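Novice: Respectively, the protein sequence lines represent chains L and Z. Going by our numbering, the first sequence opens with residue 2, and the numbers climb by one from there. Going by our numbering, the second sequence opens with residue 58, and the numbers climb by one from there.
Keep in mind that the hints were calculated from the coordinates and are not lab data. Note that this is a predicted model, so its numbers are computed, not measured. One should not assume that every hint holds.
As the list claims (entries may be wrong) - If you want a taste of the chain L side facing chain Z, the calculated C-beta under 8 angstroms gives, among others: (1) Val-106; (2) Ile-112; (3) Val-113; (4) Trp-132.
Beta carbons are placed, not taken as given, at the ideal position from N, Cα and C, and that holds for glycine.
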Amino acid sequence: MQGPSHLMLSWYFAEAADVATPRDRRIVAWAGFAPDFDVLAYVAAIAWYGLDKDKAFENVWQVVHHRYTHGLAYVVVVALVAWWLATPGAARARTAMLAAVACGVHNFLDIVAGGPTWPIYPYWPFSDSSWGVPWSWTIGEWPNLVVLFACLAGALLYAKFAGRSPVECFGDRADRWVVRIARQQREATAAPGSGRMRWIVWAVVALVVLAVLAPLGFKPGG
Amino acid sequence: MAALRVLLGLTVVAIVALTFAWPALAPASREGATYQWLSVAALWIFLAALAAIIWLKACRAPRT
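Could you put together the complete structure from these sequences and hints?
Specialist: Here's what the structure looks like:
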């Protein structure tokens with residue numbers, strides 16, 4: 002499943018569980034995305050191999066993706082980090098538990114919808130046994146695309162009707178900006194820093210588009 | 058809403074079991090129809106319950 006789908010589904014999961022504060026919803030959402038932080042190794046490898054994507058894929062991405070961050074041990078680490086970051090109080094343990102669940106669900110989604118050649122390693126570092134299924138949907142198959150576009154459409158509709166959206170993951174101001182657009186409200190006066198925020202939002206949109214297109218083999222150079 | 062939340066919770070328990078318990082208990086069954094059937098069912102029930110809760114929350118949200 003695409004990274005943006007993981008992030009949005011985890012945010013919806015936090016929202017469905019009535020997580021009270023934006024900060025804690027963000028924590029649960031990013032915990033649901035967290036197993037894909039290993040993409041940083043791929044980005045670093047592309048830079049290391051002088052933008053040779055194929056070499057980086059073969060030597061790094063194919064080796065590290067799903068191995069170290071898609072397992073039970075990583076879920077525990079994510080839960081501990083979530084507990085440390087969560088708003089102190091009675092709901093702190095609940096936020097950490099929901100973050101662990103979101104991270105665990107990510108692992109499941111990658112078994113079913115990550116492609117047959119990308120198994121997870123549920124018991125690493127204690128065991129190197131992998132778990133994947135031959136019938137797993139590849140990243141470009143219709144169920145993954147349906148989930149992605151349903152999440153995106155849902156984000157705009159939820160922003161319009163409920164006044165917040167998964168864009169909350171990137172900050173409260175970014176979310177308010179999207180809500181204003183979804184509700185077709187105009188700003189009375191330009192808030193200080195709104196120009197910078199516009200650039201941040203467009204950068205996020207560009208990153209989301211890249212995150213969707215890159216696994217599909219998009220090659221702008223032809 | 059409460060019933061949907063219970064359904065979502067049960068599906069999450071099933072998902073965690075299918076992800077972290079099943080591979081240890083029945084490692085030879087990865088190509089079996091049972092695992093496939095349960096996994097695909099759990100995935101769509103999870104997504105449907107999540108969508109239904111979000112839909113209801115959006116409908117009940119106060120209009121500003």
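Novice: Does each hint fit the structure? Answer for all of them.
Specialist: Each hint, compared with the structure:
1. Val-106: holds (6 angstroms)
2. Ile-112: Constraint on L:Ile-112 satisfied, holds at 7 angstroms.
3. Val-113: With a closest approach of 5 angstroms, the L:Val-113 hint holds.
4. Trp-132: Nearest chain Z Cβ about 4 angstroms off; hint holds.
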